[in-house]
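**Student:** One-letter residues, chain by chain:
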Amino acid sequence: MPLTFFGGIKPENKKYSRDYPLRYVTPPELVYIPIDGYVSPLVEAGGTVAMGQAVAVRDDGMQLYSSVSGIVKGTAKEGEHRYIAIENDKKDTPFEGIKGIKKPLLELSADEICALLKQYSVIDCFDEKPMYIKLSEHKGNLKRIIINCCEHDVYTTALYRLLLERPKELINGAKILMHALSIKKCVILIEDKKRKAIQVLEDYVNDTRMFVPAFIENKYPINEQTIISAVYSREIPHGKTATDLGYVIFGAEAVMQTFISFATGMPQIRKAVTVSGESVKKPQNLIAPIGTPLKNLIEECGGLVHRCRCVVLGGIMDGEFLENPGGVVTQTTRQLLLLRWVEKYNGTRMRCVRCGRCISVCPMHLIPLDYAVEDSLKKKSQKPFYGIEACIECGCCEYICPAGIPLLEIIREEKGKRLSGKKSDTETKKPHRKFISVKKTFIRNRKPKNKDDDESDFFIPF
Amino acid sequence: MINAPFTHTEKTYRTIMADILISLSPVLVWSVFIFGARVLTITFITVCSCVIFDFIARYIFGNRDLIYSFKQATDLSAVVTGVLIVFMLPVTVPLYLPVFAAFFAIVIAKQAFGGIGRNLVNPAVFAIAVIKITLPSFVDKFTMPYSYFNAFTSELSSSLIDTVRVFSPLQMLSRDHVYEEGFTDLFFGTSPGNIGEIGIVFIIIGAIYLSYRKIIDLRGSAAYMAVVFLFSFMFPRGNGETIYFALTEMMSGGAVLLSVYACNDFTTTPKQKTGKIIFGAGCGLLTILIRYNFSHFEGAYVAVLIMNLFTPLINKLTRTVPFGMLNQKNQA
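Quick note, the sequences are listed as chains A and B, same order. So the number in our numbering is just where the residue sits in the first sequence, counting from 1, plus 7. So the number in our numbering is just where the residue sits in the second sequence, counting from 1, plus 123.
Extracted from the complex, chain A is given alone in its bound form:
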């Protein structure tokens, strides 16, 4: 029986890109390296740059590296984001002075490993923190390391292919981290359904006292709190993290990257991205250098097939909606989705009938139907938004509501009001009809009835 936690949803299985092995993207012409949080660029326009050379520096000393070799064209700006544009000469000359660590593992001390991870600037895409911060912020009472090999979302398959093709790097990277934190056991968390990956890992692990498998059920919000509640049946107190209880959680890709960086000396310059969806010709898993524009990824997969109405960066439940994909691949990109339609609620919006499905699905034991009460009744109840600080905005309640009530909108509005300190506005006169049929935006909310209507022309929104 796999381990479970309370709540969560199981959307339909849409792993279109599961059977395609990982592929390297054809080298892009222009690479834009994002330097949003970084203070000062270290190269000037016109200079040459090699692969692995430092390009920008941050407040706390972490550096950002170039992922290609070529000529720097200058800084670019798009909206609020700043980039350094580099023209690729496709020779991939490495920076001189880059070589792997030749010492055996047991001779390195914990501080040296931390300093090396800071130098290689490895960022974990599980919770978007740098690895050296994770290794150095613990209070000394760590018991276990947990390596999370579960997919984040319904469409991603990049982690699955990485596990099938590179198990040696995962195990060796885990050994480096265990030596740095002086922990003797490591838990590998994997979903129950990935039989092939479990088989491959079992063949690789020699010492079963060091690595313990944990099988978890394939449900949607898998993050820090639900992992600890599933594996150890404990609840993390509100306001604290898992390291206060004694457990550190790493994402599988960052662990593999530590081993690659230690072995070759190259910092983190590539990222595995899944491009999937119904509108793309060949959904695949790609390895792209950091700074690749997203349009190159779409062309790599064969371009668009259907009339694509929605481009989503990130998960389907908690991602960002892009109006024109002008972004780039960063160190925390996981997937890019090209959806044919948005499967929003398909009917007239109704009133809450208090059926209680949102309660049975919330992983944080909240009561979302109390938030959906209309304004005149809210003033009468004593604590209308009880416990809203514990909400992780996973979107399970809005997914399952049979009335189509926009619960996440209401929750985000209330959280925004609490953060900015304003009192709620009671004087605005809202119109009498609130839940009339769904507004028609440029995104169609229903599936089309005839298929001919849909494939008439190739409509590319960007």
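Possibly wrong hints are sitting among the right ones.
Said to hold, decoys possible - Short derived list, chain A residues pointing at chain B, Cβ under 8 Å:
1. Pro18
2. Lys22
3. Tyr31
4. Cys317
5. Ile323
6. Met324
7. Leu346
8. Val360
9. Ile366
10. Gly394
11. Ala397
12. Ile407
Unchecked claim - Under the rule of at most 30 Å between Cα atoms (straight-line distance), these lysine-lysine pairs were calculated in the DSS-like manner:
13. A:Lys21 - A:Lys203
14. B:Lys337 - A:Lys424
15. B:Lys337 - A:Lys22
16. A:Lys226 - A:Lys422
17. A:Lys247 - A:Lys125
18. A:Lys17 - B:Lys396
19. A:Lys226 - B:Lys337
Read the hints as simulated data drawn from the structure, not as lab findings. The C-beta atom is built at its ideal place from N, Cα and C for all residues, glycine as well.
Assemble the complex: chain A is given as a structure, and chain B must be docked to it using the hints.
**Tutor:** Frame of chain A; chain B shown alone:
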């Protein structure tokens, strides 16, 4: 500008109500087999009057917008209410009576309180309780199985009924007499009674189907049945063996039908799991008390109505603590 999440489940109110109707259909088919085609005319009249009253009431009490009221009235909640009203009436009821029942259920108990989601008591149970208390002589004539009446006569004359009239198990219990020979008739559906309350095995089939589709939770129903059985076993009455008394008490009088469909109603029952168990146990206790002290005839219906008013208190008492806030709750 659209925000996450970008996908939605396909279940709406209409699919949920359609599932409930599918689970009610075995009982309907069996009762047509036992009682004849008159069941179908009663059902047709009740459902039509429910839907028409629903549409008119939404227009008058709501937005005064014709198309919006029409779109809202096509979710099948009025049809489910209508079918439940039919199941709690006998087959000899005159054809003008379900119209009054529909009026009490839809207009008074549901729409005047604010519509769906804001009613205080279960509409079908409220209508049936009103009729059984104020006009008992219309609804207490039960007949032998396989005696078919004419489907279209509006009121059956007493001489026609008296040739085939028998007493139902519930009326025998009120006279302290227990069936011992025809005991399995109650379970398989060939004993006299209301339209939907014979055939316990078909109700159980419907309940298993609903629980498989994750629409109802069977804890409340199990608690109701367990409490009724336990108390009637501990305090038996009448002649005969105790076990037969307890089982007959449990299976007659509409307790099984109400335990599946009224203890799991969306608006009027508690939402949390322990709340549902408390609701079911309270209903069972009240059923036994009303049947012993007042009258066997309306026991289950009035018990459900009383427990519906306890729902806000049970919701407040069994509220769950959010994730990770146990220690803060103890300190505050």
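**Student:** Holds or violated: Lys337 (chain B) and Lys424 (chain A), Cα atoms, limit 30 Å.
**Tutor:** Not satisfied, since the Cα-Cα distance of roughly 36 Å exceeds 30 Å.
**Student:** The hint names Pro18 (chain A) as touching chain B; please verify it with the least Cβ-Cβ distance against 8 Å.
**Tutor:** holds, 6 Å
**Student:** Given the hinted pair Lys226 (chain A) and Lys422 (chain A), is their Cα-Cα distance within 30 Å?
**Tutor:** This hinted pair holds, its Cα atoms lying about 26 Å apart.
**Student:** Measuring from the C-beta of Ile407 (chain A) to each C-beta in chain B, is the shortest one below 8 Å?
**Tutor:** holds, 5 Å
**Student:** Lys247 (chain A) and Lys125 (chain A) were given as a pair; does the straight-line alpha-carbon distance stay at or below 30 Å?
**Tutor:** Given pair Lys247 (chain A), Lys125 (chain A) holds - Cα atoms ~24 Å apart, limit 30 Å.
**Student:** Between the alpha carbons of Lys21 (chain A) and Lys203 (chain A), is the straight-line distance 30 Å or under?
**Tutor:** holds, 18 Å
**Student:** Is the interface hint for Met324 (chain A) satisfied, with its Cβ closer than 8 Å to some Cβ of chain B?
**Tutor:** Hint on Met324 (chain A): holds, closest Cβ of chain B at ~4 Å, below 8 Å.
**Student:** Given the hint that Lys337 (chain B) pairs with Lys22 (chain A), does the C-alpha gap stay at or below 30 Å?
**Tutor:** holds, 26 Å
**Student:** Would you settle whether the hint for Lys22 (chain A) is holds or violated, based on the nearest Cβ-Cβ distance to chain B being less than 8 Å?
**Tutor:** Cβ of Lys22 (chain A) sits 15 Å from chain B, so the hint is violated.
**Student:** Checking hints one by one. Is Ile366 (chain A) an interface residue toward chain B, by the C-beta closer than 8 Å rule?
**Tutor:** Cβ of Ile366 (chain A) sits 6 Å from chain B, so the hint holds.
**Student:** Would the hint on Val360 (chain A) stand, with a C-beta cut-off of 8 Å toward chain B?
**Tutor:** Interface hint status for Val360 (chain A): holds (4 Å vs cutoff 8 Å).
**Student:** May I ask you to test the interface hint for Leu346 (chain A) with respect to chain B, counting a Cβ-Cβ separation under 8 Å as satisfied?
**Tutor:** Holds, about 7 Å.
Hint violations for this structure: numbers 2, 3, 14, all remaining hints satisfied.
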